[in-house]
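These are the residues of each chain, in order.
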Amino acid sequence: MSLWRLEWLRLVRTPRALALAVVFLAIGLIEPVATRYASTLLSHASHGAVIRLPKPTPADALASYVSEAAIVGLIVLVVVAASALGFDSSPGLAAFFRTRVRSVWQLLAPRFAAYAVAGPLAYLLGTLAAWYETHLLIGALPVAGVFAGVLCGAVYLAFAVAVTALAASLARNTVASAGITLAILLALPLLADVRAISGWVPSALVGAPAELVAGAYQLPHYLPALGVAAVAGAVALALAARLLQTREI
Amino acid sequence: MTEGNGPVQFAAVRLDAAGPSHPLTHLLPALPAVIPILVLLLGLDVFCLVNLVRARSVRNAPKLAWAIVIVFVSAPLGAILYLFFGMDRSGGSGGSGGGTKTQPSRPAASPTHADPVRRVVRPVGAAPLALTTTDLTRDYGGTGLFHVDLSVPRGSIYGLVGLNGAGKTTLLSIIAGTRHPDRGSVSLAVDRRRVAVCPDVPEFDGWLTAAEVVDLARSLVAPAGHGQAEVAAALRTVGLADAASRRVGGLSRGMLQRLGLACALVGDPRLLILDEPTSALDPAGRADMLGLVAAMRGTRTVIFSSHILADVQRVADQVGILRDGRLLYEGSTRDLMDTYLTPSWLLRLADGVDPVAAALAGQPWVTKVELAEPDVLKVEATSIAAGERGIPVVIAGCGARQVSCEPAAADLESAFLALTGAGDPAGLTEGARP
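Note that the protein sequences, when read in sequence, are chains A and B.
So in the numbering used here, spot 9 of the first sequence is number 9, and the numbers just go up one at a time.
So in the numbering used here, spot 414 of the second sequence is number 414, and the numbers just go up one at a time.
Any given hint could be a false lead.
[Unchecked claim] Per label pair, the in silico range of CB-to-CB distance:
(1) D182/B with R242/A: 15 to 23 angstroms
(2) G227/B with W8/A: 15 to 23 angstroms
(3) R247/A with D139/B: 17 to 25 angstroms
(4) R179/B with R102/A: 15 to 23 angstroms
(5) D139/B with A230/A: 37 to 45 angstroms
Quick caveat, the hints were computed from the structure, so don't treat them as lab data.
For clarity, every value in this text was computed on a predicted model and none was experimentally measured.
Here a beta-carbon is modelled for each residue, glycine too, at the ideal position from N, C-alpha and C.
Pulled out of the complex, with its shape left as it was, chain A reads as follows:
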């Protein structure tokens, strides 16, 4: 039983993997339907008033999925990752692991990797579901744009997991770790208001999938944000390891 297998078992024996898959899949299946029938549903909900919305485009449907996934899906991912990365949250469990590993990297690496892979996989699953629904109800999506968007979304989610690891090194409690992570991730778009750095902030990747399928930009437009997300994620992990290595239990 290695620490890598432990993380695999943590994913499949607890609701973590199931919750990630279900949440992203549900968003992917529901959002295009909601987008397609938004005007109909709103008309019925408003007791007879006729509400006419512009006819949705395939990009609208994917944008709807992306915006929901970036909120609900991200919260679920951060919470499940925080509960796994907070290995100091219970003293007995911390004593078991900390007195048996040479370096905290042994603990951090598999836990980060598990959620940095599971999160993007769930995101891909949701994207495929949204693609299917969109194709059926509204129209075709450009293949290259969809996969370029998945790449951007996956890198952003991996960055979010790295930020979660950093938060777990600052707070022992899972709720506190998740809260710190979400506060950081929600604060990042504020930086994007500064025009000079807007293209470099990792949060620029959140809207990338919708913009790529709409043809607003091409993938090279997001390379600065991709690079910053990768470097910042690595720095966050290194900092987390340094803080965890010296933290007492």
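Given chain A, work out where chain B should sit, using these hints.
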């Protein structure tokens, strides 16, 4: 959107043109798109309901309440709530794990060749030191640990005793490396990787089986060549062989303490640190655990803290007494009792005790006389020699008939009280009382 997008799209447009009707009517043409959603939501609800029915127990709320949440709370939220906060992950939904908390089997009586507890006993007297601490200090603002110089002989069973807050756990944590001293140092004569720690409340991931937990510990610290045989042997040694395939979440606290010891033993440690190892065990479990610890004498160095002095006295050959973060005494258990106990005897007489009690009370070498039982006096003297010489003389002088005269039981509790002057040893002596 164009009409070239397919038949579903076309049908939806026609229905839109037909004017207001029931919302479901508008969704019917989109069935191919809706079916996956229904399958996902219904599938999740069915999965959760089946799990709920099969579960022997659930968390946070009764089964009926969870059924209502799953069915009536907006899908998939109700099901997800159940998955995270209601589902029992201790293996209680059937299978070999079972959900009831049962007692562990007795530890293996005679370990096999693969047993981590070796029963080779070596003399401790001239053994080199396994651990020393120098001027160890950790100040938590007046409490903590101050100037502790500990010397633990290799192969010894070292009992660390003290009142609550005396600094036992802080000292053990610093030795284990999970806390840092403000000043001073710890010198280990063994490889740090061969140091195992058992906290007083071991915790493990509840969805692992007992065997998986021990195997995980093995993979992290055990020497090369240790495999599943050592895992099974460690579980057998602590009496958990029958619970090997059970989820840890279903084990009692006493079984978790045993599992913690198994995790330590599977790494074949040279230094074993046990924090209150018997605190959650029943009398039989305590006896088993102390037997295991005693059997390690000579092959492993064991430091264990306990507030049950009878346990320390039973297995420890070396003892350290902490009070207010300072080491008051360190040495052999026997020397402690010899040095700090007041010499006392229990004197049983045949024909009443009053004349003898009065005569003894008048002797200058007698410090205290009290009635222990209706025909038994407890006599305390200034020295062993004075008592041994004086008591027979007083009895003879009174013409009393002596049935017996024996030294009062010398126990660690008495020595501890004499050394620390602790007026209220609450929590220290519970295990010593019948």
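Each hint tested on the structure:
Range check, D182/B to R242/A: about 21 angstroms between beta-carbon atoms, so the 15 to 23 angstroms window is met. For the hinted restraint 15 to 23 angstroms between G227/B and W8/A, the CB-CB distance of approximately 20 angstroms keeps it satisfied. In this structure the hint that R247/A and D139/B lie 17 to 25 angstroms apart at CB holds, the actual value being about 19 angstroms. Evaluation of the 15 to 23 angstroms hint for R179/B and R102/A yields a pass: the beta carbon distance comes to about 18 angstroms.
As the Cβ distance of D139/B to A230/A is approximately 44 angstroms, the hint placing it in 37 to 45 angstroms holds.
When each numbered hint is compared with the structure, no violation occurs for any of them.
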